[in-house]
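Engineer: Residue numbers (my numbering), protein chains in the order written: chain W, 1 to 325; chain U, 326 to 907; chain E, 908 to 1207; chain Y, 1208 to 1529.
Don't read these hints as lab results, they were simulated from the structure. We put the beta carbon where it would ideally sit given N, CA and C, even for glycine. It is possible that some hints are incorrect.
[What the hints assert, rightly or not] Not the full set, but computed from the structure, chain E residues with beta-carbon under 10 Å of chain U:
hint: 1; residue: GLY1065
hint: 2; residue: LEU1068
hint: 3; residue: VAL1070
hint: 4; residue: ASN1152
[Unchecked claim] Restricting the straight-line Cα-Cα distance to at most 20 Å, the calculated cross-link-like pairs of lysine to any residue (SDA-like) are:
hint: 5; chain 1: W; residue 1: LYS106; chain 2: Y; residue 2: LEU1446
hint: 6; chain 1: U; residue 1: LYS568; chain 2: U; residue 2: ALA435
hint: 7; chain 1: W; residue 1: LYS69; chain 2: W; residue 2: GLU42
hint: 8; chain 1: E; residue 1: LYS944; chain 2: Y; residue 2: THR1348
hint: 9; chain 1: W; residue 1: LYS106; chain 2: Y; residue 2: ARG1521
hint: 10; chain 1: Y; residue 1: LYS1522; chain 2: W; residue 2: GLU145
hint: 11; chain 1: W; residue 1: LYS81; chain 2: Y; residue 2: GLN1434
hint: 12; chain 1: Y; residue 1: LYS1214; chain 2: Y; residue 2: PRO1518
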Amino acid sequence: MAPLLEISNLSVRFHSDKAEVFAVNGLDLSLDTGKAIAIVGESGSGKSTVMMAVMRLLQSNASITGQVKLDGTDVLQLPEKAMRRLRGKEMAMVFQNAGSSMNPTKTIGDQMIEPMLFHHMASARDARQVAVKLLHQVGIPDPEERLNNYPFEFSGGQLQRVMIAMALIADPKLLIADEPTTALDVTVQAEVLILLKKLQRERGMGLVFVTHDLAVAAQVADDIYVMYGGFVMERIAASELTTHLVHPYLRGLVQSIPKIDGPRTELPYIPGQPISITGGLPDGCVFASRCDKRFVKCHERPRHISISQQHSVSCWLAEGGVEQA
Amino acid sequence: MAKGMTIAKSALAALTLTGTLSAFAVTASAAPSSSSGSFSMYIIGDKRGFSPDIYTWSLYADSLGIFEGLVHNSDKGVVPGIATSWSTSKNGKVWTFHLRHNAKFSNGDAVTAQDFVFGFQQAFNPNTAVKDGGGMDATAFLPVVNGVEVAAGTKSPSTLGVKAVNNYTFQIMLTRKDPTLIQDLTLPAMGWAVPLDPKVVNSMSATDWTTPSKIVSDGPYMVSSFTPNTSATLVPNPYYFNKVKLKKITLNYTASSTGLVDFENGALDMAIINPSDIKAVDSNPTLKSELHFFPTAAQYTLDVAPSQNNALLNPLVRKALMMSINRDLISKDVLQGTGTPAYDYMTPTWLDPWIKKNAIPYDPTEAKALLAQAGYPGGKGFPTLSINVGVGSTPDLVAEAIQQMWQQNLGITVKYNGMPASQFYSTYNNPITSGVAFRQNASNVVYPQLELPTSVVAFLNTGVGQDWTAPYLPMNIYTQWQKVIANKSMPPKLQQEQAANILIHNLPKSILQWIRLGVKAYNTNNTALMKQFFYMQEEQVFDLPIYTPLQPVLIRSNVHGYKANSFLLTTPPVWFNDITVS
Amino acid sequence: MNRAMSLNSVIGNREQLIGARASSWRRMWSRLTKNRKALIGAIMVFLIVFLAVFANWISPYAYQQADFTSLNQGPSLSHILGTDSLGRDLFTRINYGLRSVCIVGFGAEFVELTVGVMVGALAAYKGGWVDNVLMRLVDAVASFPSFLISMILVTMMGRILPVMLLAVAATSWVGMARVVRSQVLRVRQTEYIQAARSMGASSLTIILRYILPNAMGPIVVAVSFGIPANMMAEAGLSLVGLGINPPTPDLGVMISEGQQSIMSYPWQLIGPVGVFIIALLGFTFLGDGLRDMFDTRSRR
Amino acid sequence: MFMYIIKRLFYMALAFLLVSIVTFGLMKAAPGTFLINTQMLGGVQAATDLNIPPQLMNSFIKEFHLNSPWYVQYWFYLKGFVTLHFGYSIEYPSLPTMSLIKRTFPLTLGLAFSATVVGTIVSIVLGVIAAVKEHTWVDSTTMFIATLGTAIPSYVTAIVLMLVFGVWWRILPILGFQGIQHYILPVAALVIPVVGSMSRYMRNSLIESLHSDYIVSVYAKGGGMRQAVFGHALRNSLLPLITVVGPQLAGLLMGTVIIENLFGLPGMGQVFANAAQQKDYPLIMVSTLLYAVVIMVMNLLVDLTYGGLDPRIRKIGYVQGR
């Protein structure tokens, strides 16, 4: 069976007056129906850009190359009109900041039913019925009344639930969640994550979860893609995250997660600043400048090599065999 | 000092023998016939309504055919109006008018002698006519018995010397003989009294005179619409005893700055145009044939302003200044032909063309010599000379031209001081603090044929006489005079007497001599004396007459019978009902 | 990782903070020269101000000098913009007329700036009831019928330049006060001011080194829009008959006169109106350009 | 919302008091004003400059209580205005100021109102076109023309319009008021500067809306440009546009003063200009206050409309950051 979403060799560049930004560089990714993957990276690593490219919601100064196949169709080749038919219906998106992603002057009911109206799936009245059900499912009390409220009348966590409900209203096959919990309190974060995961399982959707938080990613996703400087550093199954990781960058990330039950030592962190992908890329490994394992070979760009079916990595260290963590 | 009012009043006051006007009638040409008998014209107007008893610009329209008095002006001169005939008593003090029986107001009521009695009482009664103080000086020109007392409020209007002998016989009793009574009766602000329907007028409030539906008049036309400061429409009075010639007359009050455009696009059949538009008109043969220059009764004069410095009191200096003003150039070029040189304050050149031949010529060389003779060779030592002018929104080109002429021809320093009219008049009588100055006098001319000052006091009280001669007083006396003039709590009559007294006792001999000569000339109507009077002014140059405006007026070629009333500022026709449109 | 990144961001901000002042003017200058509209505007403004300031030297004639042999002449070599009805050189008169307009435009703006900065800064600094009272005052003055007030003042105090200048400034300082207040408030809340304060900088240092330079942008923009607005008001007064007393040439008076000569001598209108439009456009372009420069949110 | 209205009304009353005090003060300070109380001469002497006939002066003394101290004068001035007893004026002694205003003010308000309506509609249309075509020649051309419109005041536009339509082409009347066609050029002259600034504002505001996150949401939901603009962005950028309508209206109302004089329209502006030139103090006092009240009421209406349209103000009385 063909994967639900298959991205091959995707590159995104932004052109501005001053310079070119190499946001995504030759990314490969695949997601099966009913599975969840996570894209993890620091801000500026290109993780959100990938998903915006999939939805083709990038600004006009972006140039996209490569292939993005949804159910075998290359969405990058579709005309805008056909693309519009996919958005919201086949693939939907939950954004990071629910507060600003909702129109402040329209009731959430009006906004929620829009996907159904845009795709002529139901009348406004019927759509509202669906919306009520969904709001109930995502745990908003008194959904019928709340439908007539404005975004500013909701708390951040509630609004994020509304966003999720809104994304699900047209029953999409693919749900993209772009840092849906970043702006929330930790306790609320967990609730939303659980909700999201539950809904994904129940509906058998494909889920792409974009986050900078490795721990969150490990909770939600089956597969984890770690990005840095527009490249995938390592692709790894969530279950192998703590045992089989290869890339020094990923190792650094894992180590910097504080362990509540561990001894209280100074938290290790990755020195230096994230690489700038504006203007041009270094010839060698993009992580080399911050890497403590750096050696001569790192002046050349590493290939992305497969270690197992679900595990691949871009690092010269991997050429010499898997090094244990 | 009520200068503004004075000027406005004399604009109306300056009416004269209508016979001389016929020269300016527009002769009918074979014009294409127009579909409508309507006529739209520019006229000066205001917002205060059509009350015939209150002095307003709308009074022009009243007197041209909305109201009709005992007699009225026409293209043939003074003609009978509501009165068909009249007679005087032997002593000339009682006038009896026989009224026509078919005259009616616009509401259908008959016009009777009682209506004239009521109208005259209204005109003299300070509580009705002059309630707001803007009333007319009827008393000054109509010596009706008890007129002065009624106007002063000391006697009841019912005591006024007018009487309805029967419904159609009306009598006026005078305090003295008045040979110009018939003439005066045609003139707004001078003796203008028209019949009023007591039934209607008594129920009107002052403001109703701006509401056409409430105005009842007896002239050929009646007001059918009125927008203050903008326009009014006149339609025939359905009850008028004679044929009314036009279906509609539109009076356009709006400033004439776009007169040419309005004439060309048909909005106006009579328009006053800008001097600067004349060149454009001249380039169009049709328009050129429709352009007329109507003389007016106004005159632009420069008077000596009071000052500590008496440089201007030297006749040689004044003559030098007069000689270095090129009046022809000002009239022809600066004013683009909308002016004609003026040579005398008392007589317009178009009335007495001989004046021009004997007037002071433009001669800069001679002017320089005279100035040197006066002690200022090459202009050296001459104080700074200002020209004070009250201006509206645009500067006064003539004053600026004279400023340049004096400066260029005489080498003296001349300043042009344009100031807002209100400021100009409020500081009008204040002595100049530095240098010397002339001040502009843009009032109407006083014409000997009309207002004949029969004494020196009367001469000095001709409105402009005072201001004009007072600067020749010694400064300490001038201040006394100024105090008298400024004292508003003094009764006007007493004020005039006191001011004139100061002048008579303190003016330089030359002026008094000249005034006496003038009074004598008026009283005797002797041409030789008149000329002598003029020559003396030329010798002494008491003031500097510059020009008389020639109003550039476009009249549609299919309009006939338009005879310009040159004694009203905007040269309207003398009687609306003389006009036909073919 | 989180701590590292937050540390980085603080360091970054400090660098930004230190660099902000030193290079801001240079950066602005280079941005100005890159902004074509602003540059054109600046050139036009320079030209206008130059003509006005050096009217005595540039003008080929004296403004009152009549030449009775060349009345109402069209543009020619000796009179490049033609002459008026007294044969006076229009180019000369326009230069002097510009001077009047510029004196009112700049002078009134100076008054507005002075009053506006005082009121606005005071309100923003004192806060509380002072702010409340001052801002209510500003609101009230903003609802004044400004042009009518100017007309009244000119009528009462005379049609001379200093009066016209004050009459125009009398109500329009409120705009400046609002801009200054909001800028001071905005800058005060920014992180780098808080950082500077936390580093122990005195409040005077903060005002002089950080707040004023950083609040400058919108104020400069407001000034560059205020000047042409004042000029419009001045010429507007001339058009309702309240222009400067003659014989001082005034562009507004020249326009209302030229309007009357339009049929026969169009250049008498076109010259003054054209120059007036150039002056206004110059300031507007410059203001637009400056706004683009200072406005960090603007997208290009 | 109720408290909001009360608060706004209270501020409006304060502003009104300030305007009246300033007007009164100006009139009292003016040289030659009749408001000076000269005990000895019964107030008449003070007005000699104004050329007021004694009878009229006496009625003014009574009407304005000129023989009483200043605060009494002020009180009756205020009371007279509030109770709509405007009295008479120097220039129009036989026409009550109230009926003068009734006759002239509708024309002025009509001018300002039609200019606002036309201006707002045209601005919205142009602003939307420019914003949707952002960074294309359509955008830059529209905005360049708009800049010209902003930079050039209505009276210069008026002169140009008079020249083109009245003098050269002769298709529209340029003087006086006799029908609706006399409205066209004055309104056009007033509208152009309004369109200039409002369409720029509209464009920028709409572009800002179009770049906000919730528009991305709309696209993500499968909406297109039309849904984004007309379903969301336009409405949200119209809200801030309403807030600039207030000041625009005030500017327009001031613009009518000059425009009426240029086109010879018998409106309140012409009456005022005349009154100012003639130093007709009673008329100046009343009409200044009247204009101020109209401006204040318009601002209030604009704010209330804004409040009514923005759910955040309607429900909780404020918007953060505003």
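Engineer: Run every hint past the structure and note whether it holds.
Structural biologist: Here is what the structure says about each hint:
1. Below 10 Å, beta-carbon pairs count as interface contacts, and GLY1065(E) has one with chain U at about 7 Å; its hint therefore holds.
2. At about 14 Å, the closest approach between the beta carbon of LEU1068(E) and any beta carbon in chain U exceeds 10 Å, and the interface hint on this residue is violated.
3. Because the closest C-beta pair between VAL1070(E) and chain U is about 12 Å apart, greater than 10 Å, the hint is violated.
4. Proximity of ASN1152(E) to chain U holds as hinted, the smallest CB-CB distance being about 6 Å (cut-off 10 Å).
5. Straight-line distance between C-alpha atoms of LYS106(W) and LEU1446(Y) comes to about 13 Å, which keeps the hinted pair within the 20 Å bound.
6. The hinted pair formed by LYS568(U) and ALA435(U) meets the criterion: a straight-line CA distance of about 17 Å does not exceed 20 Å.
7. Straight-line distance between C-alpha atoms of LYS69(W) and GLU42(W) comes to about 26 Å, which puts the hinted pair past the 20 Å bound.
8. Our distance criterion of 20 Å between C-alpha atoms is met by LYS944(E) and THR1348(Y), whose separation comes to about 13 Å.
9. A hinted pair counts as satisfied when its Cα atoms are at most 20 Å apart, and LYS106(W) with ARG1521(Y) qualifies at roughly 13 Å.
10. Under the criterion of a C-alpha separation no larger than 20 Å, the hint pairing LYS1522(Y) with GLU145(W) is consistent with the structure, at around 15 Å.
11. For the hint linking LYS81(W) to GLN1434(Y), the alpha-carbon distance of about 13 Å falls within 20 Å, and the restraint holds.
12. With a C-alpha separation of about 19 Å, the suggested pairing of LYS1214(Y) with PRO1518(Y) holds against the 20 Å cut-off.
Consistency with the previously given hints fails for numbers 2, 3, 7, ordered from lowest to highest.
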